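Peer 1: These are the residues of each chain, in order.
Number of protein chains: 2
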Amino acid sequence: MKLRLLIISILVELAGAALAHDNVPQINSDNSVTFRLYAPNAKKVFLEGSMIPKKRKIKIKSMTILRGQKYKMERVGDEWTYTVQALPSEMYTYRFVVDGKPTLDPKNDRRLRDIADTLNYFFIDGALANYYKEKEIPHGRIEYKWYPSTMNGMSQRRLAVYTPFGYDADKERRYPVLYLLHGSGGDETSWADYGRVCQILDEMIHSKEIAPLVVIMPNGNVALDAAPGESPYMDKNPKAMNLSSMLGKIEEVFPKEVVGYAESSYRIYADKAHRAIAGLSLGGLQTLYIALNNPDMFDAIGLFSPQTTNMLTNKTIGKMEMLDKNLMDFKAIFAILRGDIPSNTNMSSSFEKVKIYSDFETKLDVLYANNPKLLYIAVGEDDFVMKLVNDFRSQLDAKDYPYHYNLTDGAHTWENWRKYLIDFLPRISEKP
Amino acid sequence: MKLRLLIISILVELAGAALAHDNVPQINSDNSVTFRLYAPNAKKVFLEGSMIPKKRKIKIKSMTILRGQKYKMERVGDEWTYTVQALPSEMYTYRFVVDGKPTLDPKNDRRLRDIADTLNYFFIDGALANYYKEKEIPHGRIEYKWYPSTMNGMSQRRLAVYTPFGYDADKERRYPVLYLLHGSGGDETSWADYGRVCQILDEMIHSKEIAPLVVIMPNGNVALDAAPGESPYMDKNPKAMNLSSMLGKIEEVFPKEVVGYAESSYRIYADKAHRAIAGLSLGGLQTLYIALNNPDMFDAIGLFSPQTTNMLTNKTIGKMEMLDKNLMDFKAIFAILRGDIPSNTNMSSSFEKVKIYSDFETKLDVLYANNPKLLYIAVGEDDFVMKLVNDFRSQLDAKDYPYHYNLTDGAHTWENWRKYLIDFLPRISEKP
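Protein chains in written order, with the numbering used here: chain A, 1 to 432; chain B, 1 to 432.
The set of hints was computed from the structure by calculation and includes no laboratory data. Every value quoted in this text rests on a predicted model; they were computed, and no experiment measured them. Honestly, I wouldn't trust all of these hints.
For chains that are exact copies, the list does not tell them apart, and a pair is met inside one copy or across any two.
Listed next, the in silico BS3-like pairs over lysine-lysine satisfying Cα-Cα at most 27 Å (straight line) [said to hold, decoys possible]:
1. K256 with K135
2. K44 with K72
3. K54 with K107
4. K373 with K355
5. K70 with K43
6. K54 with K133
7. K256 with K373
8. K43 with K107
9. K135 with K107
10. K272 with K256
11. K54 with K70
Required output: the full structure, derived from the provided sequences and hints.
Peer 2: As structure tokens, this is what we get:
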């Protein structure tokens with residue numbers, strides 16, 4: 001009976017838990033990658049992922065956009081297999097599509113949430129993966145914390161904080177700080193999870209590429225106070241398209257709520273010389289306007305694939321209304337983006353008060369009058385925001401305002417945003 | 001062109017992100033739950049989850065064990081559907097099995113990793129969910145941090161720390177501490193993710209059921225220094241059955257490495273009266289032996305569905321060897337569990353030195369001579385560890401050693417462990 005109990009104990013522990021295998025997917029010696037899925041009854045299995053070039057064109061309402069391709073996997077007995085050509089060093093995400101259903105790789109425990117999807121990931125060793133992979137080097141800590149915030153009728157919001165190795169050992173030392181903002185569809189976990197902030201910072205600090213710093217990653221989506229599973233407002237699911245909850249809200253309260261809270265809670269320097277801010281996509285737009293409205297606050301400003309507002313005219317607003325009205329209140333948002341609040345739009349009272357996007361040119365002049373150490377703009381040549389970035393650069397060039405421009409290949413992807421962070425950090429850090 | 005760019009921007013943001021829907025699965029007014037999956041090409045779809053009674057008997061090597069049933073879903077057009085009878089308040093996990101492949105609910109963003117699986121979850125409102133759901137109450141913070149540890153040739157290990165709301169506001173205040181240990185297959189994220197530690201503690205502190213305390217959740221699996229995605233040792237995937245890496249390792253270094261680190265890093269009281277320790281399953285066994293070997297360290301000891309070592313005899317060791325040798329070094333482990341290291345077994349040098357499991361009865365006497373405030377034992381009547389728990393209780397009863405016994409329904413499940421934590425906490429806390 002006693003033996004039987006132990007065996008039962010072991011078997012029950014086994015039951016329900018897929019025993020994951022090593023080296024999944026299989027990285028071959030030439031860095032080609034072989035994916036395998038056991039699916040004897042499937043009719044059609046596709047592989048999709050970030051390692052596949054985005055080349056497939058799709059048409060939506062007469063618009064042509066680029067989308068990721070899928071690779072059709074080949075049946076070999078009960079298994080489906082596909083080998084992707086030799087890949088450069090990176091962190092790649094992927095999943096299978098089995099008879100039309102997105103399916104995770106049951107043999108790969110590495111999983112990430114991306115907005116409302118869950119994806120597997122793997123690394124190809126080398127230069128870039130050296131920043132992204134977990135290593136036996138001293139680690140900083142990541143914490144998820146709530147701070148008082150009354151936005152959207154809530155009482156608190158969640159943010160993530162990276163503190164470097166050694167933060168707790170020397171209780172007197174102060175650090176520079178980087179405020180790092182996610183994009184549309186993201187939340188306070190995005191930069192740590194997808195952006196590999198802990199691994200990148202650990203590595204760059206350990207290898208003395210940068211001096212230790214604290215990174216504050218707030219949640220800039222006003223509809224959700226926290227990531228899924230942490231927010232009481234789970235009826236508001238994360239959406240890729242959330243302009244209306246990303247824009248015109250957190251920017252206004254940022255200096256007091258986020259910076260004020262961070263400076264009262266962490267040992268960070270509270271002066272312009274030691275404050276940096278950066279954001280991706282719509283978080284880049286937030287970053288730009290937080291800086292414009294607080295010209296004496298940040299000495300370094302990073303715009304990663306930023307969306308900017310300079311494209312918006314009265315003419316486009318009318319056209320945008322052709323799109324599904326239910327998705328968002330376009331007219332109100334664009335009016336705010338323009339700094340112009342027409343009386344005939346149906347806007348909430350909080351929207352009406354927001355002036356964060358007004359007087360762009362004046363604010364830009366004041367920002368540069370304050371002589372920021374660095375305005376950094378990075379974008380990929382296939383990024384759909386390229387035109388917007390070029391328009392913004394033209395405005396800067398016309399006034400001879402200096403900025404650092406990092407034009408890369410690639411598009412609007414986490415691959416680029418991680419690389420931009422690696423490129424940005426040494427520029428805002430004193431040599432350790 | 002400008003309009004087009006904006007539309008493209010929006011569409012690209014949309015692409016690839018499933019727009020999640022509200023209220024998935026559908027909780028009906030009588031608390032029955034309707035699950036739906038769009039899968040037009042599927043031949044057979046099952047629903048499995050914690051809301052389904054474990055009644056299916058399976059036979060493995062002449063052993064009969066209970067396993068969860070699956071409910072066969074019904075096709076209605078392109079959708080598959082199943083309605084589960086009215087459920088009591090709880091947090092439930094589930095997934096679909098589509099033509100034999102485990103499949104997440106694409107419309108439910110609530111996802112949890114359980115060892116190597118990912119599952120969806122939902123709540124039925126009421127008494128228990130009141131502890132588990134995210135609410136608009138003051139929140140503590142959760143942080144993931146690395147501490148020096150040389151176990152298994154590594155240099156650091158990761159732990160999770162819950163600090164209550166207000167911890168940062170009053171920089172002088174000290175708190176009682178609970179060390180909370182996961183089971184086989186778990187890691188430092190298990191109690192926070194599956195065990196809802198943040199939500200439970202936030203609620204119990206806010207409603208004044210307990211006084212604020214700090215919870216330290218280490219990683220007791222020596223094979224992995226951190227959860228998947230955080231560990232450099234990802235070739236060692238998480239496994240449900242990891243006796244060999246769970247036992248005889250962390251217990252020995254616990255006082256110095258874990259307690260020592262916690263007390264130097266957090267404002268917690270460093271005396272027996274303010275220290276509690278609890279663990280589930282194999283973490284319960286670790287808890288018991290950490291307490292037995294450090295009888296003056298903890299005033300409260302919680303064993304949740306604990307596995308205990310008193311079942312092990314020389315006779316069983318021989319029989320265990322019938323099982324697959326590759327799974328683990330049974331003989332070595334059982335020798336250690338017995339405190340008896342036979343010279344003819346193939347054990348690592350670190351194993352040979354471990355004496356943590358020896359002299360059980362003597363240590364038990366010393367523990368009770370130190371007069372602990374509480375030894376708490378909780379187990380479900382269908383739990384496979386019931387016999388072991390009863391044997392252990394007999395030993396305590398024979399010596400008239402007092403303990404609190406919480407016999408519940410249910411089995412070896414997170415449902416029970418969460419409930420045990422809720423029952424345990426007020427017993428170790430002074431009234432706030």
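Peer 1: If a hint holds in the structure, say so; if it doesn't, say that too.
Peer 2: Each hint tested on the structure:
1. K256 with K135: Intra 37 Å, inter 24 Å, cutoff 27 Å: inter-copy only.
2. K44 with K72: Result: close both inside a copy and across copies, 8 Å intra and 23 Å inter.
3. K54 with K107: both (26 Å within a copy, 25 Å between copies)
4. K373 with K355: within (26 Å within a copy, 60 Å between copies)
5. K70 with K43: Both: 15 Å inside a chain and 24 Å across chains, each within 27 Å.
6. K54 with K133: For K54 and K133, only the intra-copy Cα distance (25 Å) is at most 27 Å; the inter-copy one is 40 Å.
7. K256 with K373: within (23 Å within a copy, 47 Å between copies)
8. K43 with K107: both (21 Å within a copy, 24 Å between copies)
9. K135 with K107: within (22 Å within a copy, 35 Å between copies)
10. K272 with K256: Within one copy, since 15 Å is at most 27 Å while 42 Å is not.
11. K54 with K70: Within one copy only: 9 Å inside a chain, 39 Å across chains, cut-off 27 Å.
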